[in-house]
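*Asks:* Protein chains in written order, with the working numbering: chain Z, 44 to 264; chain E, 93 to 663; chain R, 568 to 947.
Worth flagging that the hints you see were computed from the coordinates, not collected in a lab.
Accuracy of the hints is not assured; some may be wrong.
[Stated by the list, open to error] Dumping the calculated SDA-like pairs for lysine to any residue here, alpha-carbon to alpha-carbon at most 25 Å: (1) Lys-653/R <-> Lys-897/R; (2) Lys-139/Z <-> Tyr-151/E; (3) Lys-139/Z <-> Leu-561/E; (4) Lys-720/R <-> Lys-490/E; (5) Lys-923/R <-> Ala-280/E; (6) Lys-761/R <-> Ile-238/E; (7) Lys-897/R <-> Lys-678/R; (8) Lys-798/R <-> Leu-231/E; (9) Lys-798/R <-> Pro-239/E; (10) Lys-490/E <-> Val-109/Z; (11) Lys-761/R <-> Arg-234/E; (12) Lys-678/R <-> Leu-231/E.
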Amino acid sequence: MTAIRIENVTVRYGTVTAVRGLSLDVARGEMLVLLGPSGCGKTSVMRGIAGLETPAAGRITLADTVVFDAGRGIDVPVHRRGVGMVFQSYAIWPHKTVFQNVAFPLRMQRLPRKEIRARVAEALELVGLADFGSRGVSLLSGGQMQRVALARSVVMRPRVLLLDEPLSNLDAKLRDRLRFELREIQQHLGLTAASLTGGARVSVGIAPAAVHLLPAGDGAA
Amino acid sequence: MTGGTALGARAVRRLPLWLLLGLLGVLVILPIGMLLYASVLEVEPGPGSFGGGLTLENYRELLTPATYLALWNSLVVAVGGTVVALVLGLSLAWLAARTDVPARWLVQLAGIVPLFVSSMVGALAWSLLASPRQGYLNLILRDLGIPFTINVYTIGGLVFVFGIYYAPYVFLLTYSGLTLINPELEEAARVHCASDRRVATQVTFPLVSPALLGATLLTFALIIENFPVPALLGTPSGLETLPSLIYRLMNLAPPDANGAAALGTFLLVTLMLVVFAQRRMLGRREYTTVTGKGFRPRQIRLGRLRWPAVAFCVTYVVTAIVLPFGALLELSLRENVYVGGAADLFDVSAFGLEGFQVVLGDISFRIGLYNSLVAGLLAAILGGALHFVMALVVHRSKLRGRNLIAYLGMMPVAIPAIVLGLGFLWTWYLLPVPLYGTLLILVLAYVARFTPQSFGSISNSFRQIRSDLEESALVSGAGRSRTSLEITVPLIRSSIVSAMLLLLIFSIRELSAVIFLFTSDTRVLSVVIFDFWESGVFDRAAAVSVLYSVVLAAIALFSRRWLGVRDLSGR
Amino acid sequence: MSLLRRPVREICGAAIAGAVLVASACSGGDIMRGGGGSGEEGPLVVDGEQIADAKLYGAAQEEGSLTLYTALSTTRELAIDAAFEKDTGLTINMVRLPGGRLYSRVVSEHKSGKLRADVIRQTDRGLADSYLEEGVWQPYCAPFLEKVEEKLKGPDCNFWASQTPFYALGYNTELVKESEAPRTWDDLLDPQWKGKIGMAYIGAGGSTWARDLFLRKEKGLEYWKRLAAQKPVITGSAGSVTELNARGEVPVAVVLPGTQLLAKDEGAPLAVTLPEDGLPSYAQWLGLTAEASNPNAAKVFLNWSASRTGQTAVAAVGDYPVRSDAPGPKVAGVQFPARDEVNLIDAESWDDYASKREQWMDQWLNVFGYTPKEGEEEGG
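All chains should be modelled from the sequences, with the hints used to inform the complete structure.
*Replies:* Next comes the structure, spelled out in C-alpha cells:
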C-alpha cells in the first residue's frame, strides 16, 4: 500500500531546474527522510507534495488519489490535499492563541465546536502542552512552538505529514528528545510522514527509509 | 477532470488580475491616454466631441515665450526650493538623529508638519505675513524703522515657501537612514584618527547619500508639480509656473483645453524623466551598509553649538508653524481687515470671534467639511481595499502579469496632480457612467493620486510577513480568500490602517487633483479655501484654513500610533 | 449616487439668512401671490407688475424650484436669488463657476444631453452667441423686455442682459484722502500710485477683458504700457482686488463697485469713485435652456428678472439695471446716478470685443510681464 507516490517529478524556477525526474514511493505508516545539501531540491519536493509548488512535469499520488498530474492538467489546490505540514520556522500565527492555532484546521473542516474542543485538547495532550490552550504564542519557547506546530498538523488527521527541517532551529539536546517524540507520535497515529533535513546525522535515530538527493545540476537523481 | 474545466478554472483564477488591471486602467492609463489624445485634438474634448481632426498645432503653439518663461520659473523655483528644503531638512534630521541637541521633540515636530499644514495654507499665510505693503512682518519692520521689505510675491518668496514646507519630506526620508547607520563604520574612521567633522563628511553623509538622492529628486518632483503655491504667490506679480499656466489656460473664456493638454503632456514627460532618473540612480546604489538592526548610534556632542542648534530649530518651527498660524488667526479674528501699523496687530480690542461664527454657520464651509470627510473616508476605505488586494495579488499570487500591477500602482508618482485631474475630467466625459458632478469622481481621483504611497506601504508590510504563515493556513485546509481574511489581514492590519489614514489625510489636504473635478455641491474644504481666496474673501479663507488645519492636525494626532510618527518622537 | 449628492437647495436656503438685509431692501413693494397655502389659484403680482399669470405661476409652484448656472460673483448672485425666493416662494439651486469653466461645462453637458441648468447667467456676448449656435438656448420673450435697449438683447428672445456691471476706481479710506483719490483713469498713471494699484488679471472673465478693451480703445496701447509701468498688483479675480484694497495692500484699485461696497457694508475702510472719462461696462446674459426640466419656474425667474422688483434687486448689489425706468445702483447707503446720467461704455458692443480678443490679450500679457518683454521696437 503506497501512501505517497512520486513519478518523474521535475520542478523548475525560471530557467533553473531544482528537481529533475524524481520518482519514489513511501508505504503507509512509513517515514521518509530526504537528505542532501542545501539547494539540492529537498524543499521543492516537499512543497510539491503539499501543493505549494507546481512541478513542471510528473505525477504525485497521495493515498491512491492523484493530486497532481502535469500531463492531464490535474492540480488539486493545496487546501484540498489533506496534508499536514510542520514548517521550518513553525509558522505559528502570532495573532492567535495556542488553542486557536491548533483549532484552525478543524474550523476549516467546519466541525462542530464541541468536537473541535475535544480534538484540540487531545492533540495538545499528545504533544505535552495540555495546559497551554489559552496562552498567547509570543511567550512560547522554541521547543514549545515546535510542539504547537506539530499539534496543528496532526489534529486534522492528515493523509500525509510533512516535516520541513523541523529540528534545525533547536539546540542539540532538545533536538534529540524531540526526534524520538516525533517518531513516537508518528507511529502512535500510524501516519505516513516525509521529513527533510540538511545533515546526515539526524536520520540515524528516526529514519527507516532515507533518500539522499544530489543537486539537479550534477546530473544525479 | 477535463482540460475544459481546467481552462475555465484558470480563467476564474486570473479574474482578480483582470479586474485589477481594468480598474487601474480606468484610474491611471485612461486619464493619461485622454490627456495625450486631447493634446492632439483640434477641439476641446467633451461628450460627443471625441472625434474631430487631429493636429500637432497645440504643441506648436506651446513654443511661445510664455511657456518658456513658465518653464524657466518652474525650474528655478524647483531647484531653489529643493536646495532650501534639503539644507533645512537634512540639518534637522542630523540634529535629531545624531546629536545631543536639547528639546529634541521640537525637531521631531518638523516630521509631522506636512501632515496638517498644506502648502496652500502655508502660501496663504505667508502672503499675509510678507506681502510687500501691508504684510504683517513688513508693518512691524516699518514701525521699527528698518528699511527692509520682505516680498513673498517673488521667485525668492516661492523658493522660501517651498523650502520650508517641503523640508519635512527630506527630514522624514533621511532621518531613519541616519539612525540606522552601523556605528562601527563611523568608529572605524574615528579609530583611524578622523575628526568628528571628517567622519560626518567622509563617512556618514556618503552612507546616507542614496536616501539623500531619493529625497532630492522626490522634493524636486513635488515642487515642480505644485499648483497652489504659484497660484497664490505668483499671481500678484505675474509669476507663472507650468501648473499655474495650465490652470490659467483652462480658465480662459472659452478655455484653451487642448493647449492645456499639450502643456500637461509636457509637464508629465518632465516629471517622468525625473522619476525615471531617480529610479535609475537608486537602483544602482544599494543600502548595503544601512541595516535594520537596532544600533545605538553614537551621539555627537555639540558643545558650545548646542544653543545655536536649538535656536535654528526654534526658528524653523516659528517660520513654518507659529508665524503662519498667528497670521491666519490675526486675520480671522479681526473685525476690520485693515491694519494700520504694528501696534494694531496686537490690539486685542479689535478681535472677535465673529469671523469664526460666520464661517461655522456658512453653508459652503459645512458642505466643504462634510464633503471632505465623506470623500476622504471613502477614498481611505475604497483605496485601502483596492491597494490591499493589489498588494495581495502582487506579493502572494503567481499570476502572470502581477508585476504590471505593481508598475501601474507606482506610476501616479510621475503624474502631476493637476494633469491627473484634467485626464480624469475627460475620462469621465468619455465613459458612459454619469460620475461627473458626484463626490465619487473626487474619491477616485484621490485613490488614483495616492496609490503609490498607500499601495507602497502595504506592499512593504507584505514583504515583512514570512510567507509560511500563510502557507501553513493553506496546508491546514483554508482557501486563498479565507487565508487572506484570517491570517494576512490581521497580520498587516496596522499597516492597512496606516495606509488608510494616510489616504484620509492626503485626500483632505489635496487641491490640485480635484480643481477641475468639483462642482458647486461637491466642493471640498481645500476648494472652499481656494475659492474664498480667488473671489477675494481672505478673512474667510483664513478662518477656514485654521479650522481645516485643526481638522487635519486632529486626524494626524489620532493617527500617530499607526503612522510611525511615534517612532520618531518616542526615541 | 443620491447619497453622494448633497442637495444644492440647502446652499441657497441657508444663504437667505445672510442676504436678508439686501433682500428686504430691494423688494419694498407689496406681493400678491395666488396659490400658496390656500390652494387658491391666482397670478403673481409684485410692486404693481404681474410677474406670472395664474396658470404659469401654478405650474411653477408645482415644480417648486429651478436650477441656475451662473458666472456672477457668489455674494451678488446669492443676494439676488434671495430676493427672488422671497418674492415668489420658489427656490433656486445655484451652480457657480468662473466664466470659462462655466462655458465648457454647459457645452459638454448639453452635448451629452445632460444639461441640468434651467437658466444660465453668463458674461461675454461671444459665449452667449455660441450657446445659440450649439442650441443651448430656448427662445422665450419675457414681459417688460420692451423697456430694455436693443443692444442688450440677443436675437429672437434667446437671451438678454439682466444687468450691466461696470468697473470703477476704489480706494482705501485709511490710506487715501477723499480729495486725493483718483477720479479719472489717467489719474492712475500719477507716479504717486506706483506699486500701489490693484487690478484683476485680464483673463479673469468677460468683464476684465471689457475693462482692458475699453482702456486700449479709449486711451490707446500707450495707456496699457504706462499702467503696466506703474507695477500694479495683479489678482486672479475682481473680488480679490477689493480684498487687497480693504487690507491696504493696494491703496487704490480698479474695482467692481458692487463688490467693493458690499465689503464696505461689512466694515472695510473702502470707497468708490466713478471715473468721469467712462465706466467700462459689460452684460450678464440670461436665458432659458432648451432642455429646461423646470421650464415654468424658470420662466417665472426670467419674468421676475426683467420686472421692477428684479431690477431693483440687481441695483442693490451694485450693478446697473437694464430697464430704462429702473433707478441707479444703491449699495451700503451709496446711491449711484441713473443709467443715462453716467458715462457707461458698453465695450461688448464693439466688433473688436470678439475680433481683437486673442491678439490683444496676448499683447496685454506681454505688456504686463506675463510673457517676456518683446523688443522695444513696438514701444516707439
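*Asks:* Give a verdict on every hint.
*Replies:* So, going through the hints one by one against the coordinates:
1. Lys-653/R <-> Lys-897/R: holds, 20 Å
2. Lys-139/Z <-> Tyr-151/E: Measuring from Cα to Cα gives roughly 61 Å; hence the hint is violated.
3. Lys-139/Z <-> Leu-561/E: holds, 12 Å
4. Lys-720/R <-> Lys-490/E: Given pair Lys-720/R, Lys-490/E is violated - Cα atoms ~69 Å apart, limit 25 Å.
5. Lys-923/R <-> Ala-280/E: violated, 74 Å
6. Lys-761/R <-> Ile-238/E: The given pair, whose Cα atoms are some 21 Å apart, holds under the 25 Å limit.
7. Lys-897/R <-> Lys-678/R: Judged against 25 Å, a Cα distance of about 40 Å means the pair is violated.
8. Lys-798/R <-> Leu-231/E: holds, 21 Å
9. Lys-798/R <-> Pro-239/E: Holds: Lys-798/R and Pro-239/E sit about 20 Å apart, inside 25 Å.
10. Lys-490/E <-> Val-109/Z: holds, 23 Å
11. Lys-761/R <-> Arg-234/E: holds, 19 Å
12. Lys-678/R <-> Leu-231/E: It is violated: about 53 Å lies between the C-alpha atoms, which goes past 25 Å.
Comparing the model with each numbered hint stated earlier shows that hints 2, 4, 5, 7, 12 do not hold.
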